Amino acid sequence: MNNIVSIQNLAVDFYSIDGISKVIDGISIYINQGEVVGLVGETGCGKSVTAKTLLGILPMPPGRIRQGDIFFLDQNLFNIRKAERDVLKQEFAYIPQDPMTSLNPVFTIGTTMLDLIIWKKSQNKIFKYLLNRRKRFLIKEAMNYASDLLEKVHLSKPISILRKYPIELSGGMRQRVLLATAMIGKPKLFVADEPTTALDVTIQKGYIYLIKENVMREELSGLYITHNLGVARILCNRIYVMYAGRIVESGRTSELLDYPIHPYTKGLVNAIPKITGEEFQPINGHIPDYLNPPKGCRFHPRCHHRMEVCSHIAPNIIEVKPRHFVSCWLYNSER
Amino acid sequence: MKNENIILETENLCKFYFIPNKKKSIFHNQEPIILKALNSVNIKISEGEIYAVVGETGSGKTTLGNMVSRVFEPTSGKISLYGKDIAFKQGKNLIEVRKIIQMVFQDSGAALNPRQTVEYIMSVPLNICSSLGKKEKMFKIKKVLESVDLPIEILQCYPGVLSGGQKQRVNLARALIFNPKFMVLDEPTSALDVSVQAKILLLLMKLKKEMRLTYIFITHDMSVVKNVSNRVAIMYLGRIVEVGQTSDIFENPIHPYSKALLSAIPVMTKKEKSMLPKEIILNGEMTSLEDVSNTCPFISRCQEKKDICKKVECPKLKEVNNGHFVRCILY
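Chains as they are written, first to last, in the working numbering: chain A, 7 to 341; chain B, 5 to 335.
Next comes chain B alone, as it looks inside the complex (with noise of 0.2 Å):
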């Protein structure tokens, strides 16, 4: 990986929950549990890259997201934007790091309030964030409106007229009013029809272009992240246990749940058949984030485990091609 133009970085970033412990004894109060949803994450976004984020539901995928564009603080840790801290900033520079990290939040349809015309809603982050008047702000809506190919006469619909696709664009189109440097994405297509999600992706990818924008991509489709990420990190029990250039993870996959992940993609032709490694089927569930032990968490489903990895620590990421990084004791 080259050095240069790193935009967004972050440094052993960790989030805890802390959760009441329910069998108080009278004697003493218990230590309550440490629910570890992230747990020192590392990575390292250049400029112009697709970063894409997978996992299995509760891997911390969106708590990531949520934590970069700092929707919610981070326990420890330091996440580093053009070479400054911003895990801990709050008010007036918080505002600063809004108008250049933006989100485009999970489910569409929730993210949008049903009593308020789409209008309003691309105004707020103006009223905010800066002090333009009337007429400036109906301007930059218009121009925005008109980058996501919205008609403009949508300004005065509730979203619950909207299609799928559409609210999909009028949270894009509110998230892209500062034009930011660098967006989130949490899933964007994962609520769409086949024919609207490449409608989307493709937009997606036009405006890339034009706005020289930076993404990471939260998603669990990995026939998407396939056609769209220049970089793959695959997340579980709030680790990174492989991450690597797109090609290189497709063609070559090391870690034993990133084999699993790629042979679980339901294909449609002979030709991507052939192109996925041996089926593998994962026994069980996700181990609870409660009951994580320092132990790789995926001992419990791996099917290649030997008997080091129950007594050693949890391993490193160690490189094992030129910028290709698995967490795993077997390698």
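One chain only, chain A, in its complex shape (with noise of 0.2 Å):
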């Protein structure tokens, strides 16, 4: 198997007294090496939570995992040992949404990189990092590497960003320091969750063809995690649309944006405003109570097509054209 990643059939709910909400309904995504695949939906559809669940950083309670399973390097996540999870683990990297509150504004960068990568050299042991931190030669070692990985993210004079606070560089370089924080344990998998919303038109073009280059460079794989599909146009190859915790379709980028097939991508393709001065028409209503959704599939009561079968029975997924896949009864010819 060539899948770096494949998640199988995953659900996840969330406890709190007003009941059980069943955010994620069992998704299946995998992720081949190689290769960065998108996640887009609205707010609200559960995109942040499959990527913390797959990082193992969902807090549990209130979350918990009914079913389905994480499949990392062929190796399921929930099934090994947390020591041997652990290991695995420094695989991730991980690039938080903002750049404003995702670094410590009391740690200079030098201080917030040198402690992660002797955090990685010690292997992940307390008394090992305290004892490695006093040790010149190491921290002048790590610094050295530092600054290599604040070069590769185009950073001019490393050094003197390495004693500057958080709060002196601007967005566009704090993300680019998040981006080389998150490859300092040279990672296998990347997963990064909307790096681009906070950032400006013509630094975001900049970032994305940053983090494609970096793909390139050390072999990623990714999971980008957006809203505006005009950038997942340009990074992915695969695009997964989600709503309300379940995958409604998926499919190659340029197929899939080009000629989207389940009503609720065609909603949300027509809802951009384009350049071309098309008219944008809205998805009306809007995401459902996770409480209790509603029965069958979940787009029901805000599809224009929505049928009697659409109430009652949620849709398998179907393969429409060759490596395309949809959910919706319109397309499935078993009604």
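Since the hints were derived computationally from the structure, they do not count as laboratory data. Don't take every hint at face value.
Pairs of lysine-lysine residues, derived as BS3-like cross-links and limited to a Cα-Cα distance of at most 27 Å, are as follows [unchecked claim]: (1) Lys274/B <-> Lys327/A; (2) Lys170/A <-> Lys126/A; (3) Lys218/A <-> Lys263/B; (4) Lys218/A <-> Lys275/B; (5) Lys282/B <-> Lys309/B; (6) Lys218/A <-> Lys277/B; (7) Lys185/B <-> Lys138/B; (8) Lys170/A <-> Lys40/B; (9) Lys88/B <-> Lys185/B; (10) Lys272/A <-> Lys210/B.
Chain B regions said to be covered by chain A (calculated; three or more residues, Cβ under 8 Å) [stated by the list, open to error]: (11) 191 to 204; (12) 228 to 237; (13) 270 to 276; (14) 279 to 285.
Note that this is a predicted model, so its numbers are computed, not measured. Ideal Cβ placement from N, Cα and C applies to all residues, glycine included.
With the hints as a guide, dock the two chains, each given alone in a separate frame, to form the complex.
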């Protein structure tokens, strides 16, 4: 198998006083070696929860995994011991959403990166770390490594940046620093959670090309979460469209965006103002309440093409065209 | 550009901030650093127009909006509304201005006080600027809520319960309560989802038709600009670098910065990609506003720069086509 990650039939619940909210309901995603996969959808449809479950940083409770498996390099992350999982997790890199709040304002960039590098070097053991943190030659080595990393993300004068506090850097520079920090452990997989939403258009474009360059050089695979379909077009090989905790459509980027099939994807594409000046149409209604989600297809209350079946049985995922999957009764011949 | 029905005009509008110089020497106090947030901006807006202001963070778009709606006072310059100068008005005279110009602020969540109900939030402008009775106030509030498609039950809610789109609607309703002629919209859709964004944009268009409004539309999303506005001003470091009809600028961008900005739009379909200029990726970041010299502000990132650019002072806006102005020495 050349899948680096495969999530199979994953379902995540959240327990609260009001009841159980079924946020993620049976999703399957795979990422091939050297491929960047986009996860697209509205706010509150479970994109970030998916990423956090994959990384194992979802707070539990309130979260709980009802069913499903996550395989990473052919090992099931839920079945192995914690120590083994920690070793595997070193292959992950996480690029967080907000560059303003993700860096600790009381430490310099150098300290932040140094801590991480030495922590990695001392095999995640606290005594070894405390010992190593005092060794001069290790610190010097780590500093050189950090400035190398900063140079790779095209920051000029990396040594002076290491001495600066996050507040002294602009938004684009902070986001670059976060990318450099993510690359410390030489990961195989990166998970980026809307890293460009806080950036300007011109800087965003530069940043996307930077990620692309890093992916090529380090032979990374990635999961890129975004709600900007234009960004997804540049960066991703394949796209999964998510709605209310389910995958509704997936396929190769160009085909999915040019010829969307599912009514939700069509609505999403139509809702974006385009420079061709075509009219845009909003999708009526809003995301369902997860405490008692609609039966059957979760999109049917907002759908223009809904039928009798839609409100009773959830549709299966079918291959409509080669490598283009959709979950909708409109295209299911075994109605 | 036709000169008829000009609703708002600014002349050499400036806003400087004075930052105390930290490097104090013992012998003499050094002069404070001048931060030029806005540097002699001239705009003319005719009635019923949607005037988009585009630019990067820190280019002074929001400052321009705040200045025009008189949230703060300009350092120098003129703002004339229907021919009257409002740049330095205060007190009662300013309240009269407020009834004509209203502003929708940037972050819809932060613009509403989380400890006040929607009813109270909506009645604040009425308490300040009018002397209406309780019943009349309620009547007015309900009427405005209807026009932005909000249910009346929302009046008892706190902003924390509302969704992003609803918050933005409450903001809009608060601005619309005096039937203003002129609205400054500061990034009205940047915090919203695509489908909600489309709804708010359509609502804005509907309101404009019904109430005969004029908008200044501050944004950094070029594809929204293309769909919404009549004219565009592109700003860079406190200066307007290019103004023109929307179609002119999209078809024929002249200033190197406008070209870069247009080419950076993340587009979705093939058709759109063919409409954009060739890809330019800008190197580096915007220079800090503190060390802006008298030369062209874009000089550090420009890819078409020549030796003259460094020697000559910043050029003035020149008319290239009918109503298409550019601030670049090469044209």
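Each hint tested on the structure:
At most 27 Å may separate the alpha-carbon atoms for a hinted pair to count; Lys274/B and Lys327/A meet this at roughly 20 Å. Taking the CA atoms of Lys170/A and Lys126/A, the gap is near 23 Å; set against the 27 Å cutoff, the hint holds. This hinted pair checks out: Lys218/A and Lys263/B have alpha carbons roughly 23 Å apart, not beyond 27 Å. Pair hint Lys218/A plus Lys275/B holds up; C-alpha atoms about 23 Å apart against a cutoff of 27 Å.
For the hint pairing Lys282/B with Lys309/B, the CA-to-CA distance comes to about 17 Å; that is within 27 Å, so the pair holds. Taking the CA atoms of Lys218/A and Lys277/B, the gap is near 19 Å; set against the 27 Å cutoff, the hint holds. Using a Cα cut-off of 27 Å, the hinted pair Lys185/B and Lys138/B holds, with the two alpha carbons roughly 25 Å apart. Pair hint Lys170/A plus Lys40/B holds up; C-alpha atoms about 25 Å apart against a cutoff of 27 Å.
Between Lys88/B and Lys185/B, the direct Cα distance comes to roughly 15 Å. Compliance with the 27 Å bound is thereby established for this hinted pair. This hinted pair checks out: Lys272/A and Lys210/B have alpha carbons roughly 24 Å apart, not beyond 27 Å. Interface restraint, the stretch 191 to 204 of chain B with chain A: holds (7 residues with C-beta to C-beta distance below 8 Å; minimum three). Here the stretch 228 to 237 of chain B counts 4 residues with a CB under 8 Å from a CB of chain A, which clears the bar of 3, and the coverage holds.
Evaluation of the coverage hint for the stretch 270 to 276 of chain B: fulfilled, as 7 residues show C-beta separations to chain A shorter than 8 Å, against a requirement of three. Proximity of the stretch 279 to 285 of chain B to chain A, defined as three or more residues with a beta carbon under 8 Å from a beta carbon of that chain, is established by the 3 residues found.
The structure agrees with every numbered hint stated previously.
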